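**Q** For chain L, the structure is supplied; the task is to place chain H on it using the hints.
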Amino acid sequence: MLTPRDVYQQTVANNRRLLALILLFPAALSIFVFACLKVFELIYNQGSDGYTADAIKLSDFWVVFLPIVLLIALLMTIFSLAQGKNMILSLTGAEPCPEDAEHSRVFHAVENVALAAGLPTPKVYLMKSSALNAFATGYSPKDAAITLTTGLVDRLSPLELEAVIAHEMGHIMNRDIRLNLFIITGIGMIGLFGELLLRTRTRGNSRGKGGGAVIILLAIGFGLYLFRLLVAPFIHMAISRTQEFQADATSAYLTRNPQALVDALIKISENPNVAVLANTAAFHSMCIFNPLNGLSHLLDTHPSIEARIKRLNEMS
Amino acid sequence: MIGIIILLVLVGIVVYGISLFNGLIAARQHIDEAWSTINTQLKRRYDLIPNMVKLIQGYMKHESDTLVKVTEARKMAMQAISPADKGKAENMLAGTLKSLFALSESYPELKADKSFVTAQETLSDVEAKIQATRQFYNSVVRTFNTKIAIFPSNIVANMLHMEKASYFELDADEAQKVQQRPDIQF
Numbered sequence: 147m148l149t150p151r152d153v154y155q156q157t158v159a160n161n162r163r164l165l166a167l168i169l170l171f172p173a174a175l176s177i178f179v180f181a182c183l184k185v186f187e188l189i190y191n192q193g194s195d196g197y198t199a200d201a202i203k204l205s206d207f208w209v210v211f212l213p214i215v216l217l218i219a220l221l222m223t224i225f226s227l228a229q230g231k232n233m234i235l236s237l238t239g240a241e242p243c244p245e246d247a248e249h250s251r252v253f254h255a256v257e258n259v260a261l262a263a264g265l266p267t268p269k270v271y272l273m274k275s276s277a278l279n280a281f282a283t284g285y286s287p288k289d290a291a292i293t294l295t296t297g298l299v300d301r302l303s304p305l306e307l308e309a310v311i312a313h314e315m316g317h318i319m320n321r322d323i324r325l326n327l328f329i330i331t332g333i334g335m336i337g338l339f340g341e342l343l344l345r346t347r348t349r350g351n352s353r354g355k356g357g358g359a360v361i362i363l364l365a366i367g368f369g370l371y372l373f374r375l376l377v378a379p380f381i382h383m384a385i386s387r388t389q390e391f392q393a394d395a396t397s398a399y400l401t402r403n404p405q406a407l408v409d410a411l412i413k414i415s416e417n418p419n420v421a422v423l424a425n426t427a428a429f430h431s432m433c434i435f436n437p438l439n440g441l442s443h444l445l446d447t448h449p450s451i452e453a454r455i456k457r458l459n460e461m462s
Numbered sequence: 032m033i034g035i036i037i038l039l040v041l042v043g044i045v046v047y048g049i050s051l052f053n054g055l056i057a058a059r060q061h062i063d064e065a066w067s068t069i070n071t072q073l074k075r076r077y078d079l080i081p082n083m084v085k086l087i088q089g090y091m092k093h094e095s096d097t098l099v100k101v102t103e104a105r106k107m108a109m110q111a112i113s114p115a116d117k118g119k120a121e122n123m124l125a126g127t128l129k130s131l132f133a134l135s136e137s138y139p140e141l142k143a144d145k146s147f148v149t150a151q152e153t154l155s156d157v158e159a160k161i162q163a164t165r166q167f168y169n170s171v172v173r174t175f176n177t178k179i180a181i182f183p184s185n186i187v188a189n190m191l192h193m194e195k196a197s198y199f200e201l202d203a204d205e206a207q208k209v210q211q212r213p214d215i216q217f
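So the protein sequences, as listed, match chains L and H. For any residue, its number in the working numbering is found by taking its place in the first sequence, counting from 1, and adding 146. For any residue, its number in the working numbering is found by taking its place in the second sequence, counting from 1, and adding 31.
Quick caveat, the hints were computed from the structure, so don't treat them as lab data. Certain hints may be false.
To be verified - Here are the simulated distance ranges between beta carbons:
no., chain 1, residue 1, chain 2, residue 2, range
1, H, LYS145, L, ASP300, 37 to 45 Å
2, L, ASP300, H, HIS192, 54 to 62 Å
3, H, ASP116, L, ALA173, 51 to 59 Å
4, L, LEU170, H, ALA115, 43 to 51 Å
Just so you know, these numbers come straight off a predicted model, no measurement behind them. Glycine included, C-beta positions come from ideal geometry on N, C-alpha and C.
If we strip away everything but chain L, and leave its shape as in the complex, we get:
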């Protein structure tokens, strides 16, 4: 069901969600890594004949792991803030939409959607591509921008275009870009630390004196690496898909016309592949449609078009 929230309630809800994520992400990570550590300990002790390392205590684990988690969280915040500031728009080769008569309908649509959402009018960028796609950038609604491909502008009807813009406005209103930057940089950091710690093995002396500490580091590295490989993508996928459904719902709420978005999605699904966007993970979740459609389906950032249309039809 569509629960109408105005922008103020949405802001409160999203700030809460971000806070929960910031707290829960390290907690989930800690539990996972500790479990890995225990498994590691078990295997190590079995393998070593006659020699058993001291059982790894929870307190020892925290002494080593807490600084690592805090460092990850800190770097995650710094990096996502820095990225948000000059959000890699230039990478895509998008240019500000010219304010001429030809594009007045684009501006009208963006202005109207922004007024209906009660948000400042975002900047509008155009990307030269015959493919149909759109994405939102910007850390907060104040410095938000919506980028549309020229193919999208050419091929969608005014109402369909408005529905797509309203979907992007939904991402802006829900602060999805901020949340995504946190998650993506977080996953990157965890992977980086995992790799770094795994490499300490080659330098450290794994047996004998100081072996215990190295093993802990090694096990933590292994845990982080495993988390990044197996758990993090699923968390990201789950959050991203929820965001897509939410943005679709916001679009329906703003335009009062879910059918227009359905029509637009069908048109877009025929040709959403934008090569430039496919290389930049940070953009995927913000696009109206997965820009590398047809690759992996299990970990798609977007729900299937059938599921999206089904939910939109329930709204109309």
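**A** Structure of chain H alone, referenced to chain L:
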């Protein structure tokens, strides 16, 4: 010990009450803000109409009746203050504008006039924007009205004698027309 617990609970209740109070005040503030954005758009329309009327007058020798009605409806809409009155007056104005455009259909020269075409386009853009701002206004009114109706914020709202805010209604028929925007040719 029991004294401290009672004190903490009391402090908690007071803090919670204050946050409810602030929430209500903020929600009412949001209504005022949204209302002023509607008025900005409505004023744009009021400003457009005199020029429009003057332009049409040049082409029409008779039937100035419709023009007079538009001017009067504009005056009435400008004088209306409360959202409910404003809604009614704006509906009237939109109705007269519609008949004005229907009339202009029979004047090919007028329809060919470039400044008339631009004026018409601007007017339909303004109408779409009125519709958009109205939607936002109504959404914050809904939030506020829910807040003063549900527990526990209704207690604070009663203490402050807060009353339900009224929605800004436009005719469903009119809303439909604005949404379809038939006047804009892309």
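**Q** Taking the hints in turn, state whether each one holds.
**A** Going through the hints against the structure:
no.	hint	result
1	H:LYS145 x L:ASP300: 37 to 45 Å	violated (26 Å)
2	L:ASP300 x H:HIS192: 54 to 62 Å	holds (56 Å)
3	H:ASP116 x L:ALA173: 51 to 59 Å	holds (55 Å)
4	L:LEU170 x H:ALA115: 43 to 51 Å	holds (47 Å)
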